[in-house]
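6 protein chains.
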Amino acid sequence: MPGITILSGQAHPELAGEICRHLEVPLTPTTFRRFSNDCQYVQIGDNCRESDVFIIQPLSIPVQEHLMELLLMLDAARGASARRITAVLPYFAYARSDKKDAPRISIAARLVADLLDTSGANRVLTLALHSEQVHGFFPMPVDHLNAMNVLAGHFVQGELKDAIVVCPDFGYAKNASKFARILGLDVAAGNKRRISDSEVIIDTIVGDVRGKDCIVVDDEIANGGSMLELLDRLRDAGARRFRISCTHGVLVRDAVCRLAESEDVEEIVTTNTIPIGPEKMHPKLKVLSVAPLLGDAIHRIHFGLSVSSLFH
Amino acid sequence: MPGITILSGQAHPELAGEICRHLEVPLTPTTFRRFSNDCQYVQIGDNCRESDVFIIQPLSIPVQEHLMELLLMLDAARGASARRITAVLPYFAYARSDKKDAPRISIAARLVADLLDTSGANRVLTLALHSEQVHGFFPMPVDHLNAMNVLAGHFVQGELKDAIVVCPDFGYAKNASKFARILGLDVAAGNKRRISDSEVIIDTIVGDVRGKDCIVVDDEIANGGSMLELLDRLRDAGARRFRISCTHGVLVRDAVCRLAESEDVEEIVTTNTIPIGPEKMHPKLKVLSVAPLLGDAIHRIHFGLSVSSLFH
Amino acid sequence: MPGITILSGQAHPELAGEICRHLEVPLTPTTFRRFSNDCQYVQIGDNCRESDVFIIQPLSIPVQEHLMELLLMLDAARGASARRITAVLPYFAYARSDKKDAPRISIAARLVADLLDTSGANRVLTLALHSEQVHGFFPMPVDHLNAMNVLAGHFVQGELKDAIVVCPDFGYAKNASKFARILGLDVAAGNKRRISDSEVIIDTIVGDVRGKDCIVVDDEIANGGSMLELLDRLRDAGARRFRISCTHGVLVRDAVCRLAESEDVEEIVTTNTIPIGPEKMHPKLKVLSVAPLLGDAIHRIHFGLSVSSLFH
Amino acid sequence: MPGITILSGQAHPELAGEICRHLEVPLTPTTFRRFSNDCQYVQIGDNCRESDVFIIQPLSIPVQEHLMELLLMLDAARGASARRITAVLPYFAYARSDKKDAPRISIAARLVADLLDTSGANRVLTLALHSEQVHGFFPMPVDHLNAMNVLAGHFVQGELKDAIVVCPDFGYAKNASKFARILGLDVAAGNKRRISDSEVIIDTIVGDVRGKDCIVVDDEIANGGSMLELLDRLRDAGARRFRISCTHGVLVRDAVCRLAESEDVEEIVTTNTIPIGPEKMHPKLKVLSVAPLLGDAIHRIHFGLSVSSLFH
Amino acid sequence: MPGITILSGQAHPELAGEICRHLEVPLTPTTFRRFSNDCQYVQIGDNCRESDVFIIQPLSIPVQEHLMELLLMLDAARGASARRITAVLPYFAYARSDKKDAPRISIAARLVADLLDTSGANRVLTLALHSEQVHGFFPMPVDHLNAMNVLAGHFVQGELKDAIVVCPDFGYAKNASKFARILGLDVAAGNKRRISDSEVIIDTIVGDVRGKDCIVVDDEIANGGSMLELLDRLRDAGARRFRISCTHGVLVRDAVCRLAESEDVEEIVTTNTIPIGPEKMHPKLKVLSVAPLLGDAIHRIHFGLSVSSLFH
Amino acid sequence: MPGITILSGQAHPELAGEICRHLEVPLTPTTFRRFSNDCQYVQIGDNCRESDVFIIQPLSIPVQEHLMELLLMLDAARGASARRITAVLPYFAYARSDKKDAPRISIAARLVADLLDTSGANRVLTLALHSEQVHGFFPMPVDHLNAMNVLAGHFVQGELKDAIVVCPDFGYAKNASKFARILGLDVAAGNKRRISDSEVIIDTIVGDVRGKDCIVVDDEIANGGSMLELLDRLRDAGARRFRISCTHGVLVRDAVCRLAESEDVEEIVTTNTIPIGPEKMHPKLKVLSVAPLLGDAIHRIHFGLSVSSLFH
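The listed protein sequences derive, respectively, from chains E, F, W, L, S and D. The numbering used here puts the first sequence at residues 519 to 830. The numbering used here puts the second sequence at residues 519 to 830. The numbering used here puts the third sequence at residues 519 to 830. The numbering used here puts the fourth sequence at residues 519 to 830. The numbering used here puts the fifth sequence at residues 519 to 830. The numbering used here puts the sixth sequence at residues 519 to 830.
It should be emphasised that the hints constitute simulated quantities derived from the structure, not laboratory data. Cβ atoms here follow ideal geometry from the backbone N, Cα and C, with glycine treated the same way. Don't take each hint at face value.
Stated by the list, open to error - Negatives, chain D to chain L, calculated, CB over 12 Å: (1) V581; (2) A611; (3) D704; (4) G742; (5) S780; (6) K802.
To be verified - Derived lysine to aspartate or glutamate pairs resembling DMTMM-like cross-links, with alpha carbons at most 25 Å apart: (7) E:K798 to S:D556; (8) L:K798 to D:D721; (9) W:K804 to F:E784; (10) D:K798 to L:D556; (11) F:K696 to E:D726; (12) S:K696 to D:D556; (13) F:K696 to E:D635; (14) W:K679 to L:D556; (15) E:K804 to E:D721.
Said to hold, decoys possible - Okay, the calculated bits of chain W under chain L, using three or more residues with CB under 8 Å as the criterion: (16) 648 to 656; (17) 785 to 799.
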């Protein structure tokens with residue numbers, strides 16, 4: 519595939535490698551250094567003049583380091599006369615900061631979208647933004663994929679009798695509905711109030727889950743607090759068993775263990791938009807790959823083929 | 519109040535007048551003309567050099583005419599050397615186009631936000647955007663008010679025993695929850711699928727409404743189709759009586775009559791963010807004024823006082 | 519012609535169709551909808567990634583609707599990753615608002631030029647701007663055609679003995695001179711004062727028209743008021759017969775009839791930069807097509823050939 | 519007048535001094551140097567933080583030197599934290615390059631307007647732009663004065679019986695008409711064709727000048743070629759005597775002498791928007807000052823008073 | 519001091535507190551949080567509408583965290599309608615990345631300057647940039663202070679007989695010369711070649727240091743590698759004793775100890791542009807405060823007084 | 519080489535011609551005119567739509583004329599729909615104004631970089647900028663060449679025994695070191711203080727030059743004042759003979775003669791980045807051509823090949 523350059527930051531080289539193998543394109547190496555004063559330094563390892571450059575970097579932890587690294591790579595590619603630069607953000611962490619729900623705060627998702635623009639990103643390819651409106655924060659064209667087909671492809675192979683799709687929050691209910699329709703299931707939702715970042719209260723479950731096998735879905739699971747609270751409420755409401763699914767497995771600290779330890783939790787299904795270290799691996803954890811999806815999108819962007827047709 | 523200029527487009531001079539009376543500031547006149555070739559022409563009627571200019575214009579029907587008129591007024595105020603220009607948009611109609619839910623469409627809310635910027639708006643003051651994320655579409659500072667206190671102030675004066683707050687759609691459920699908490703009520707939601715702009719299907723009601731008096735809330739009611747569909751589903755589910763509430767009463771054609779004709783609909787409560795012509799008036803229709811709210815916000819913006827404190 | 523996409527707004531699909539036939543390129547379909555709240559919605563009907571997109575939309579009546587439609591189409595094409603987007607404006611209605619001849623007004627032609635830029639137009643192709651300086655309002659490259667050869671091609675087939683070219687206004691005298699030189703004729707001009715948009719006074723005729731056959735030229739005729747006033751003055755000055763010519767036939771209401779009803783008016787010649795509805799058709803009205811001219815320009819822009827060579 | 523800073527480039531310190539005396543504000547000194555490699559260097563001589571800075575610089579010959587000097591002064595004032603910077607351009611030489619009348623040229627007036635913006639000009643104050651449309655080239659607010667009242671104030675003191683206003687070109691005919699109306703006179707125009715910058719042909723005189731005293735008006739006179747050609751044509755048409763008037767007296771080389779040498783030329787009236795060196799002085803040359811006009815405009819801009827009221 | 523708001527990020531609250539005490543202005547509190555997914559969240563603690571906001575944040579370690587925090591604070595202040603926002607960067611760490619000395623790298627200092635602009639900084643106040651040219655990277659006005667007088671004020675109190683100023687590198691020699699002239703001393707310089715970030719070779723000492731007491735100066739000391747190498751070369755060249763001075767005491771890991779352990783090193787003098795933790799304190803380490811200097815500059819910026827006069 | 523257009527301003531047509539011959543591409547002609555009012559006019563002589571345009575123009579004397587000419591050519595090429603426009607600046611005169619070493623001045627190098635951007639330059643190709651940081655002033659990609667290999671290629675053919683590289687100033691010492699390493703020589707430096715543009719004092723020579731043959735290097739020589747001062751100091755320090763080398767031979771007035779008249783000056787070596795008129799030719803003056811270097815860079819930019827590989 520001539521005229522294409524695939525670069526990876528340090529956030530998720532495994533995903534980048536998998537995408538490159540899918541595309542049968544070699545990964546162009548990049549040198550990363552850090553000065554004594556903690557400033558980052560990146561050097562793209564090969565000529566990319568007039569090339570169609572894709573830089574793969576989910577904003578995984580440590581987010582600030584990975585973001586700055588991405589901005590430096592974008593700027594370096596621009597200065598190196600790339601023809602077009604696409605920031606590939608399988609996980610855009612700041613998407614959750616998408617509204618001004620308190621005075622004198624930043625709508626950080628918009629800010630970061632503008633920082634990407636300032637740094638030289640001509641396009642963005644991203645996946646499962648926290649809300650669909652975040653698409654509109656970007657000043658450049660965005661291809662916004664979702665992993666619904668990837669996740670649904672897993673669940674259709676399992677048992678769906680007596681199953682129901684449940685989401686912890688009205689905010690995600692529209693996506694849950696879509697997911698439920700793919701699987702031919704009903705949907706229920708928690709009525710969540712956020713007390714703080716790590717503390718939520720779920721007042722009630724809206725919808726009937728009595729005796730049901732719940733496929734509990736959310737866009738991302740970080741510390742798992744909301745999810746544990748939701749499982750308790752669902753048990754109160756008579757739900758029987760649980761399969762947990764999320765696109766972005768942030769899964770900080772012992773989130774996997776805390777979720778997996780209850781016997782009624784059958785599996786936790788996520789994707790590899792974020793690297794999941796070996797220390798988080800657990801027999802109940804299933805990680806699906808989005809590399810083919812991202813690879814196909816890159817292929818279509820490069821050749822000017824329709825990307826929306828990927829969703830059908 | 520020296521150094522302030524209040525202007526009004528032709529969309530809602532009554533609201534502008536009411537705001538001016540609240541502020542005890544005269545409305546600066548504007549001349550509106552239309553050339554034979556249908557191009558608009560606006561001329562601000564008095565010197566506004568170095569003034570703090572507020573231009574009041576909800577994007578009511580005809581939307582395109584009112585939008586262009588606003589853009590011309592912004593540009594005229596800029597060319598006339600205003601110190602600062604605030605676009606006051608009590609109703610930002612294009613806010614509903616806030617995501618790319620089909621390929622090759624415009625996220626028009628973002629586009630219009632940028633058009634306002636290009637035309638000279640230094641700030642925006644708006645009210646009850648369709649989704650909170652739309653705030654982030656604007657490149658300039660935005661004060662985003664809501665009419666919840668105005669509407670809740672009405673309902674607390676009525677009967678709330680056996681009442682429940684219901685919204686037609688998960689997308690609005692978060693706001694409905696907030697509204698319900700102000701009134702100390704539970705919440706239920708329809709699970710809506712949009713077939714087309716005027717056709718929706720509500721599959722199920724999530725939450726128990728049997729024997730309840732429903733306060734049905736939405737941000738805007740245009741042709742009332744969703745609302746009628748919702749009322750039918752609520753009746754199926756055993757709901758008893760209905761009070762309908764929305765911030766933006768677009769209320770096209772005979773929407774008021776169609777909603778009001780059922781005996782179990784007790785009242786339709788809305789605000790005057792959009793002018794509601796005499797032909798739409800109906801004994802069951804109650805229009806609350808947002809002029810004091812907008813006036814207070816303008817006062818606080820002009821004097822550099824906190825606007826967020828208006829929400830408490 | 520691979521790599522090209524021709525789109526048409528709803529202003530003038532006939533012209534777009536004619537251009538496509540000239541180019542032997544199919545018109546890519548677009549879906550137009552209107553929400554209940556009057557907001558517009560456009561969806562481009564086929565993939566246009568990496569394509570050279572031309573969007574044909576004269577700003578004909580209703581101007582604001584057609585302008586907003588164009589802006590939405592530009593933004594949709596940009597979001598859909600078009601390689602280059604050219605706004606084709608056979609008639610740029612706002613060009614007449616090209617100066618600040620009163621305090622506190624907008625130079626709307628400049629504003630609209632900037633709105634096109636904000637919405638994603640990379641280039642503009644237009645025809646017979648009201649004044650040549652308007653070219654300089656656009657921040658992007660503009661190809662500015664004129665229909666002089668099209669119109670002159672008609673008149674050279676007629677009688678030119680005893681003919682003189684007359685324009686209603688000094689502002690158009692330079693163009694009239696050029697047109698007269700093509701036809702080998704003299705030129706005269708009215709000395710027009712505009713009282714209001716629809717009322718003008720022509721004080722005097724500068725130049726000798728006694729006994730002459732006048733080819734009266736202007737860039738656009740809207741309600742025909744200026745033209746009728748001019749004809750009267752020309753009759754006062756002894757002119758004999760009249761042929762009327764304009765590039766943009768806005769021709770509102772009964773303008774054609776009012777112009778045509780005098781026996782000494784032999785014909786009214788215009789072009790199809792604006793659609794002329796069947797209700798305006800009249801035996802004395804002759805509509806020439808600019809589709810070959812625009813089609814050739816699009817062809818040359820797409821292939822990087824000189825457009826200025828079209829003028830010779 | 520606290521909070522104001524008046525600066526002058528090297529183009530016209532006399533005019534700047536006269537404006538300062540009119541305003542009773544001292545001129546802030548500026549140091550001008552030139553490096554050995556011909557690069558310019560400017561240093562503003564006093565603190566101008568948070569000040570309302572006006573930089574007076576007509577683009578007189580040598581134009582490029584004066585333009586670059588202005589750009590450097592603008593940038594220096596911006597870097598020095600001026601609150602607002604107004605470029606005062608009594609003569610905007612590049613205004614004549616206002617259209618694309620040949621392929622592959624620059625519309626230089628637009629370019630220079632953008633250069634002023636890039637360099638830090640927040641506003642422009644200018645006078646008698648070659649065409650009114652050039653106002654629309656500037657991205658920042660412009661106050662566009664004209665010297666008609668200054669010039670008319672001179673002529674009303676002379677003999678106006680049998681007088682007629684004549685302009686060399688249809689392009690200036692609208693302004694000539696306005697000027698004629700102030701004086702209560704008729705207007706005539708030459709039909710000029712430009713062969714090259716210094717060569718023009720005037721085919722005919724449109725209007726009756728037989729036995730008339732012509733007040734010949736134009737916006738600027740450079741080498742006087744057009745004017746001499748026009749005088750000859752007017753003599754052919756029977757005109758009797760001539761008074762010549764222009765706003766901008768560029769008057770290169772021996773233009774004054776060539777114009778003044780004919781006995782039937784009674785006087786040449788211009789203003790001091792451009793410095794007129796002692797070597798150009800001639801008994802028939804009358805130079806009127808625009809300093810009070812510019813000074814009043816600066817005063818009004820600084821205090822936020824209406825500038826348009828200066829025209830009545 | 520009404521109308522001013524001083525904010526501090528988490529990089530150096532002590533310095534911010536000292537500046538506030540110097541200015542007799544209270545520090546406005548800010549809330550800092552971190553979401554489970556590592557995204558930052560900042561909330562300004564008090565109304566700052568129409569206020570002149572200064573945000574104090576040196577880019578100390580961890581640089582990326584402190585930079586992102588600053589960008590979020592800038593954006594929050596802009597969204598909160600601050601009248602003017604000044605980023606106060608006592609230490610601009612990325613200034614060292616000021617050139618493209620290898621292919622395909624970012625000139626990160628320019629990039630970060632642009633990021634500050636994108637995030638809402640209207641001005642920058644900084645101190646001792648690595649090279650003076652970095653001033654020109656910023657698109658907004660910059661006040662660039664230096665700590666020479668602060669440092670020189672210390673050394674003039676010590677012994678200067680037989681002293682010489684030495685810098686490790688030609689790149690800093692101009693500043694060293696200025697510093698030497700303040701102290702009335704000669705200057706010498708190392709001829710440094712950088713092998714990697716932590717490894718340098720100093721080939722030779724240019725200048726005679728035999729028997730001299732060296733005041734070794736540099737802008738910043740990070741791991742101290744260059745400095746140790748320089749001391750060895752100076753010892754080889756016969757230098758006697760050393761006093762080490764730098765503006766920015768990055769002083770990572772055991773840099774202080776390694777520098778201080780040689781007996782011939784008498785003292786290490788730095789400033790508090792960066793917080794120096796108690797674990798780095800050493801009897802030979804002397805930390806001078808730049809708070810009065812920064813406070814005076816803030817005072818002068820706020821009141822529109824000359825800042826350059828601070829240097830005399 | 520299809521799809522490429524090489525243009526030359528009037529600054530150095532000989533260099534442009536030599537580059538074209540090297541590339542085997544014809545120079546596209548440009549017409550240059552000057553209006554009577556001194557405004558410039560340029561017209562590109564052939565279609566350059568969709569072409570990769572390179573405009574060659576060193577900022578040689580008269581700098582302001584050549585700069586404006588370049589800006590007009592850039593704008594004309596943009597308006598003529600060039601695909602990409604590269605400003606080729608073999609000598610960027612304003613690079614010396616790269617810092618704010620006095621209050622209230624412009625960092626003119628940054629300003630000019632922004633003017634190039636405003637005028638349409640998509641890229642810059644330049645050579646031996648006064649300081650490497652100036653690269654970071656440009657908002658667009660820059661290819662920054664140096665003539666070290668060209669100059670070193672000359673000196674390696676001469677005698678290098680007992681030779682030493684000397685620079686007049688610490689500011690250039692890093693480059694001198696690099697140059698010395700290519701030649702395998704030591705380096706010494708003057709400690710220069712600038713009194714004014716044409717007056718400098720060199721206090722001391724740092725480094726041992728006794729009995730040495732000095733290759734004195736600098737980036738540019740204008741009036742030669744610094745160089746003459748340096749030679750005197752070097753003689754004082756016992757240097758024997760001198761070869762003078764600079765990249766940019768500005769060489770104003772009798773600079774060549776003054777430098778060449780001393781017998782101990784063996785030769786003056788420079789390049790043709792600036793035209794050196796026949797009146798400056800001198801037996802001791804050797805002018806090396808950078809045309810092959812610039813030509814190779816243009817070739818590589820056009821074809822997307824690595825330019826950095828030119829340096830090895």
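Hint check:
1. Distance check for V581 (chain D) against chain L: the nearest CB is about 4 Å away, which does not clear 12 Å, and the non-interface claim fails.
2. Interface exclusion of A611 (chain D) from chain L breaks down, the closest Cβ pair being 5 Å apart, not more than 12 Å.
3. Every CB of chain L is more than 12 Å from the CB of D704 (chain D) (nearest about 30 Å), matching its label as outside the interface.
4. Its closest Cβ contact with chain L, about 9 Å, brings G742 (chain D) to no more than 12 Å, contrary to its assignment away from the interface.
5. Every C-beta of chain L lies more than 12 Å from that of S780 (chain D), the closest at about 20 Å, which supports listing it as non-interface.
6. Distance check for K802 (chain D) against chain L: the nearest CB is about 20 Å away, which clears 12 Å, and the non-interface claim stands.
7. Annotation: proposed proximity of K798 (chain E) to D556 (chain S) holds, straight-line Cα distance about 17 Å (limit 25 Å).
8. With a CA separation close to 51 Å, the supplied pair K798 (chain L) and D721 (chain D) exceeds the 25 Å bound.
9. Restraint check for K804 (chain W) and E784 (chain F): the C-alpha separation of about 62 Å exceeds 25 Å, so the hint is violated.
10. Proposed proximity of K798 (chain D) and D556 (chain L) is supported: the alpha carbons are some 17 Å apart, at most 25 Å.
11. Between K696 (chain F) and D726 (chain E), the direct Cα distance comes to roughly 23 Å. Compliance with the 25 Å bound is thereby established for this hinted pair.
12. Between K696 (chain S) and D556 (chain D), the direct Cα distance comes to roughly 45 Å. Violation of the 25 Å bound is thereby established for this hinted pair.
13. Our distance criterion of 25 Å between C-alpha atoms is broken by K696 (chain F) and D635 (chain E), whose separation comes to about 35 Å.
14. Simply put, K679 (chain W) and D556 (chain L) have alpha-carbon atoms about 62 Å apart, too far for the 25 Å limit, and the pair is violated.
15. Restraint check for K804 (chain E) and D721 (chain E): not satisfied, since their Cα atoms lie roughly 30 Å apart, outside the 25 Å limit.
16. For the stretch 648 to 656 of chain W, the assignment as covered by chain L holds, since 7 residues bring a beta-carbon within under 8 Å of that chain's beta-carbons and 3 suffice.
17. With 0 residues carrying a beta carbon less than 8 Å from a beta carbon of chain L, the stretch 785 to 799 of chain W misses the three-residue requirement, and the given coverage is violated.
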